[in-house]
Each structure stands twice: as C-alpha cells, then as structure tokens.
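Chains as they are written, first to last, in this note's numbering: chain V, 1 to 296; chain Z, 297 to 634.
Take these hints with a grain of salt, some might be off.
[What the hints assert, rightly or not] In silico PhoX-like links for lysine-lysine, alpha-carbon gap of 25 Å or less:
{"#": "1", "chain 1": "Z", "residue 1": "K540", "chain 2": "V", "residue 2": "K81"}
{"#": "2", "chain 1": "V", "residue 1": "K244", "chain 2": "V", "residue 2": "K81"}
{"#": "3", "chain 1": "V", "residue 1": "K172", "chain 2": "Z", "residue 2": "K325"}
In case anyone wonders, no lab produced these hints; they're calculated from the structure.
Each chain, written out:
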Amino acid sequence: MSASDSPTLVAGRDAIAPSGEIPRLSVEQASYAYAHQLRSAPMFTLGATSFQARQRELVAILGPNASGKSTLMQIISGALKPLSGRVLLDGVETRRLDARTRAQRIAFVEQQSPLVFPATVGEYVLQGRHAYGRALHLATEEDVALAMNALSQVGAEHLADRRMDQISGGEKQRVILARALAQQPLLLLLDEPTLHLDIGAQVDLLERLRRLGEENRQTVIVVTHELGLAAEFADQVVLLHAGKCLRVGTAAAVYQRELLEQVFDTPLEVETGPAGRPRVSLRSRADRDRAGGRTM
Amino acid sequence: MKPLTLRRLLWTCGSLAALLFVVIVLALKLGAVPISVTDLVMSLGRVAIGRSDRLPADYRLIVFDLRLPRILLGVMVGASLSVAGAGFQALLRNPLADPYVLGVSSGSATGALIALMVVPQFALATPLGAFLGAVATIAGVYLLGLRDGNIDSTTLLLGGIICASFLSSIIMFLMTLSSRDLRGMPFWLMGDLSTPQPSELQWLFFVGLIVGIGAIYTTAADLNLLVTGEREAAHLGVEVTRVKLVVYVAASLLTALAVSASGAIGYVGLLVPHAMRFLFGSDYRLLIPTSALGGAIAVVAADALARTIAAPTELPVGAVTAIAGAPVFIYLLRRRMR
C-alpha cells in the first residue's frame, strides 16, 4: 500500500518525490525554550537544530536522557511551536497544518500511554483512519482493508480480534506501529519505540521500520538510546547533548569515541564493522584507568 | 475485525427505545390506583389518533396529568445525566467521573437555589443559575485535580467529593436561612421527580437536552481517541481544544437542566454508561445514544420503584439510585486500584 496511492493526499507529494533531490523533511534552525514562570529567565531545552531527510530515509535521534530528543520530535510533529526556526514537510510548515491534515501526513508514536477503556486491536488500528473519516467516522471497507494491511505489514493480522490489554508488550508495540501506518503518513515519528523490548524484538522492529520506509516511501525518524541499533539501521544520525545538537551525519561520521564518551559519560570502544558501519561497545572503567584515564 | 456499522447502531438504539417504551407503559400502570396494561395501551392508542376526549376524566387525570409528565421528566433527566456522565468520563479520562460524584450536581443545585432566592420572579433564572453553578464547580474540581499540569485521578475524585459535601452544607445553610418555600431539602440533596415543572421550562429542558446530546454526539468519534490521551488524539487528527470545550459546556448544560428540574439525583451518570459499556462496548458513537436511552430507562424504573416500594409513602428517586449506585462505585474503585 504505497502511501502515494491514496486519492485523498495532496499533490505536493508526487510533485517532489521522483527527483529525490529536494528533501522531504527540512528542520531549519529549530529551537525551543520555556520558562518556569512568566517572568523568570527561559530554560533552553533545545538549541538551534538543523537537518534534512529524504523519503525512504531512516534518521536516528540519539542522546542521553534530557538531551532534548523528545522536544525535537514534538517540534518536528508540529505539536510544539519552535522558539525560532521552522520545520518544513514537502515545503509546508508542519506547525501550520490543521489537526486533520497533519494527521494525514505525520504519524507520531509516542512512548506508551495507558488505555483507560479497553479496545480490540482492530478498533485500535482503525483509529489511524480517523483523520480520513467524515461525520461519525464509521469505518469504510477501504478503511478496514487499509487497517488489515497495516496489521499484516507488522505481522500482527492474527491479533485483530484480541483485546489491547491482553497482548504482550512486543505485540502491543507492533500494533501501535500498525495504527501509525494506517494513517498513511509521509513522515513516521517514533519516540523510543525500542524501550521495554528485548534485543531480538528491538532488531526486529528496526529491520521492519527500514523495510516499511522503503515500501511505503516514508521518511522514518526514531528516537533511541541504542547506539548500536542506530549505527546498524540509520542512514543519518542526529546527536543531541544537554539541549544542543552536536553532530548530524552518517553513523560513521558522528561516532567518534571521544565525542560519544563525553556525551554518554561512560568509557566506550568504537570500531568499524565490515559494512563500514561503526560498532560501539562498553569498555570497563578498569580498562580505561589502565590505559591512562580519560582523554578529555 | 468488526467495526461499528450504521446498521448495528440503529438496531441497538431501536431495541433500547422499544425497551424504554415498555418501561414507560409499566411505570404508567404502577401506582396507588391500579390500571390494567390493556386499558393503558388502548388509551395510549386513543391519544395517538387524537381521541383523548373519549377517556374517563379521573383516568385521564391520573395517567396523563399526573403520571405521564413525571415519567417524561424522568426520561429527560435520566438521558441528560447519563450522557453528561459519559462526557465527563471522556473529558477527565476517568471512568469514575459522574456529575454527582464530582460535585457538579451539588454545584448546580447551589446555583439554582441562589437564583431562586435572589430573583424568584424570573423563571429562567433557575436553570441559568444551575448552569453557572455546574460550570464553576467542574472548573474548580478540575483545578483541584491538577498536579503538575496533569489530572491526577485520586486527587480529582477527592476534590469532587469534598466539593459535593461543602456545597451540600451551603445548600442546607441557604435553605435554613430562607423563609421562602424552595421545595424540600430532599429535592436538592437527593433528587426527586414529584415536583411538577412549569410547561415552558419543560420545553426549555427538551430543547436543551436535544442540543446538549447532539453537541456531544458530534464529538463521539473524537472522544474515542481522547480517552487514549490528549497528545495521542491530537496526533491522530483530533482538534483537542475544541472537542474538550464542546463536551465541557454541553455536559455542564445537561447536568444543569437535570438538576434544575429534579434536584441532584446521584450515580445515574456513573452507573448507566458503565452498564452500556459492558453491554455494547466502549465506542462513544454507540455509548452516547445507548446511555441516553439507558439513562431514561434507569430513572423511570427507579422512580417507579420509589413510588411503589413503600406506598403510599414516596421515596425520593435519588435514594433508590444511590442504593444501587454506591456499591457499584465502590466496586469500580476497588477494581481500578488493583
């Protein structure tokens, strides 16, 4: 179900897509700050950040806790108004889109929130079609077909009639992803989707995201702590630290031992793997002390 | 996957409407003067074809002037309280929300009572006062429940219960001070359907009921998403601020209409939406109309019980709903805490 097949979508998508030259997503000097009280000095949660992403690209936003990753995602999604700068999706500022259009172009999977009233998996995935519905938003046959397709893309069609509170954590993560796919977005944002997943499920999820980005011609942006996974699967890495964007580029360019050690405040080893992608491993503090302490 | 269809929606509502009709006929039958169902159906038929003049006068008085208005009031009160309850539950993302538990009914009663004391000559003042009381109370309870920008469920409920008890004492205070006849204490504190309404207020109630339920129903699909979280709902295309405002105003209006006509009847807004969720699922597109019909059934049935259980003495209908509602509330609270 290529996203651009939908008749409800705007012309801008196909006008730009074939060349692949003009970036689909362009984050231009976006920053964010807030003040505890009206008159107190603002606290910067994100300094000016810029990067661009094309369709089919997977971008990883990396950084330790409180580095501004989630804030950046909120700004990209258009939910937060940046203090300065702007975010363009196919040339349109995401902040200026109305709720319905935004939901047709951007799917945002946040860290999980509890269900107050339980729904079935099928009903849950159909929520992704909300932005396409009219009046009572009764599901059309097309909606049901797209929802089932989304479920099969994440390998969860057999769960359709189960209840959301009766499936495992890994299954739930895939169902949430299916709901985002049912939105047929141009841009897929995921905030720490690998949290609470075991390593097998993490790899499975990232592989799936790569493949879905290719199949659906979507741009995928993932926030993660997992240096190894980001190096393996991301086309581009955005490294944040304490509200500053430190580096943007391929994992090979961004992963420098000293930089990563400083950012994550732990001794690390960076090697280059066979495919040219860097590999990061932990170094024990004892090793480092023997080697003469930290280099910075 | 079985998504909601128009067919299922209409069938469900149709069956509940039929059940409501049966309950209304039974409620017309029950009371101090026994009337057979056959007679009732015959006379209803006569009224329907416009031959009501053929009915015996005493019969007409009991059935159409005494029992029927009270039953129709029960229908409107039940429908408005249940839909208001379902609305507050979505708005506050809390399955225990209900106009009575949150103190909104008491706030509404306080507002109505103050209006009745200050401008007694002005009939519209009572529902208006009730509306302002409801809006102010739900805003106050919301602020009490706010912790670091998020609604804290336990604090919200405690805030509501404290507001309700505070406002109840204000009501008792006002009634003791006032020398005027402001209906009885049980009316404002427990809810009661026995006081007849002036017919212009009945019409206002009817129009307000349709507008209020209609307004909430336009947001039904959005509410399905809102209960999963405001930010998530926004990501899925819901205009969160608008939807919340519509539900907030409409649910307050429905509560105010119900309270100004019948006092603070408790637990209907809690009990009925839960029963409907249990029977038909939690989809708000189905929940709003089934709650309206179910609420009407529940209040008419409760009032029929209240009239007959200790006949010839009548209980306030709120006593019956509280006897049924309080244990269910405790059950839901315990299940939530587990």
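- Query: Which numbered hints turn out to be false for this structure?
  - Reply: 3
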